[in-house]
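> Residue strings, one per chain:
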Amino acid sequence: MEISEKVISQNQNVTTTYEPRSPWQMMIKRFKKNKRAMIGLYITVLFIIVAILAPWISPYDPYAYNMKALLQPPSLSHPFGTDQFGRDVLSRIIHGSRISLMIGMVGVGISILVGVSLGTIAGYFGGIIDSIIMRIMDILLAFPGFLLALAIISILGPNMLNVMIAIGIFSIPVFARIMRSSVISVKYKEFIEATKSLGGSHFFIIMKHVIPNCIAPIIVLSTMRIATAILTAAGLSFLGLGAQPPSPEWGAMLNEGREYIRSATHLSTVPGLIIMLVVLGFNMLGDGLRDALDPQMKI
Amino acid sequence: MENLLEIKNLKTYFYSENGVVPAVDGVSITIKKGETLGIVGESGSGKSVTALTAMRLTPGKVVEGSINFNGKDLLTLSDEAMRKIRGKEIAMIFQEPMTSLNPVFTIGNQIAEALKTHMNFTKTKANERAIELLELVGIPRPERIVKEYPHQLSGGMRQRVMIAMAMACNPSLLIADEPTTALDVTIQAQILDLMRDLKKEHNTSILMITHDLGVVAETCDRVCVMYGGKVVEESDVHEIFNNPKHPYTQGLLKSIPSLIDSEEETRLYSIEGNVPIPGTLRGGCHFAPRCEFAMNICHTEVPSYKEVATGHFSRCWLHEVEDEEVQNEANIS
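Chains as they are written, first to last, in UniProt numbering: chain A, 1 to 299; chain B, 1 to 333.
With the rest of the complex left out, here is chain A:
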């Protein structure tokens, strides 16, 4: 008698402390346990905050020439030194983060929008539509990404908007492929059939049941792709095909600093290290998200 009462009271305890948990809440819990992922998150968040607050936190005007302080090494008044026109490198890096963030976000945004829609249509409807879409994606994928971006830039002309478009286009096939395979694995699940048997239309099924179940790999991929986009944009600017001087784009700064690499090493190393740090941060975040979103997947 006593024992059974004890069991009952224990059970009550269980039910009172037990809260319904959504898959997202469980994912956040797993993510927080992962140190590397948290470091990645901190780097990324810091980068985003700096980009948003750039005009208020940068100590100098990034475009202001100062002929009295040319090519100065790092000091207290200029923590990252000055460049060949006496501009403060720290201020330029801070303002450059806006450009990089924008290229990353807009470029990947274009790829998600187009890639996810194409992948969903191909995977869900299959047949001839699938073949046509995926063959076009295969053609795009056959070019090395950077080369494709170079080709697009040389057709559209070198400026920031075209860099975003080029980066957007070269990530489309990656998103389309990932989305297509997730959609195919979801569309034969029984809850899709159950929804059909309850009278759901194709549009409703895709929006409510297919996409929410395929979103996890897309989140992971977009984080990783932002890193690639930033790197590619810097690469294009380094080659003089992206942001044009005097824009404080990191790749362009790296290129400008190249001429002074012997006398003022900080001009090229600082932007280089910053690019590395941000790309590393996004990649670590992406890895952590992948582990948190799908604990079964091990790569």
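Honestly, the hints are just simulated from the structure, not real lab data.
Where a beta carbon is used, it is the ideal one built from N, C-alpha and C, also for glycine.
Be aware that one or more of the hints could be misleading.
Derived DSSO-like pairs (lysine-lysine); straight-line CA-CA distance at most 30 Å [to be verified]:
#1 A:Lys208 / B:Lys61
#2 A:Lys189 / B:Lys254
#3 B:Lys11 / A:Lys187
#4 B:Lys147 / A:Lys208
#5 A:Lys189 / B:Lys306
#6 A:Lys208 / B:Lys123
Chain B regions said to be covered by chain A (calculated; three or more residues, Cβ under 8 Å) [what the hints assert, rightly or not]:
#7 76-87
#8 96-107
#9 112-126
Position chain B against the provided structure of chain A, taking the given hints into account.
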């Protein structure tokens, strides 16, 4: 009683690279209002495809036949009109409760879905009705369960949720495709009881697809036995168990382990051979290669579907032979 669903001479074929597969080959069944019809057969006999064709959800192609539901021909309706029937007038319960619910949404959200689509319920009203429905299918603490996710429920509870979803709009026909296969025996009994109660309360007709004769005995009013895409025997549930006419039905009933006979028979009876792979069937009676009474004619010609007793139909050459014998005897005397 009025007929609710009338399937006439339905032929659903699958076209694959290896040729045409007649999964459903001339099936005719009728379900009256408030009746439970069981479709029994082994895997690959075409029972699920028949049900999916009735919902127009089959990937195969309907070559011939008609499906009349409440005066409407389901095969000629527009997709839009068909969607309005699905879930509202015909609903379906699936075999696998573990995967039949979307893992990323709460239970309440998913039950409310059908209500919002078909009844134009507002969100709060749909949520209230979802709680009512969960109560109806015997789920304890429904206010709490609506907020939970499918992975937090057991198989039996999920199947109850599936039934609640199917019953949301009070459909006149409920198609249950092996609703208890994935559940253990005590939960099976509970689910079957629940379905029987719901049927009584709402006068819903049920099409029960199963390979479990116990489920049939428990729930059905009439039974169709399917083999190789054809209905081979159809009758009242008592008649099937007491007086099966078709050799296949007889074999099925004999292969149920019995506690009483166990002393005499050490080995369980089984029907020789395997279920034919659809598409490899040749002419004649499909069961002939496995039938212990097979005659020459069985391999070449398809037997006709005969009424052997009132309301009891069977498709076998033996009945023709019996008739001839009876006639011969009559002639002699």
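> Indicate, hint by hint, whether the structure satisfies it.
Results of checking the hints against the structure:
1. A threshold of 30 Å between alpha carbons decides the hint, and for Lys208 of chain A with Lys61 of chain B the separation of about 28 Å falls inside it, so the pair holds.
2. At roughly 36 Å between alpha-carbon atoms, Lys189 of chain A and Lys254 of chain B are farther apart than 30 Å, so this suggested pair is violated.
3. As the CA atoms of Lys11 of chain B and Lys187 of chain A are separated by approximately 26 Å, the hinted pair is consistent with the 30 Å bound.
4. Pair hint Lys147 of chain B plus Lys208 of chain A holds up; C-alpha atoms about 18 Å apart against a cutoff of 30 Å.
5. About 41 Å separates the Cα atoms of Lys189 of chain A and Lys306 of chain B, which puts this hinted pair outside 30 Å; it is violated.
6. For the suggested pair Lys208 of chain A and Lys123 of chain B, the alpha carbons sit about 16 Å apart, so the restraint of at most 30 Å is met.
7. Using a Cβ-Cβ cut-off of 8 Å, 5 residues of the stretch 76-87 of chain B lie near chain A, which meets the minimum of three, so the contact claim holds.
8. Judged by the Cβ-Cβ criterion of 8 Å, the stretch 96-107 of chain B is covered by chain A as claimed, because 9 of its residues qualify and three suffice.
9. With 4 residues having a beta carbon nearer than 8 Å to a beta carbon of chain A, the stretch 112-126 of chain B meets the requirement of three or more and the stated coverage holds.
The structure shown violates the earlier hints numbered 2, 5.
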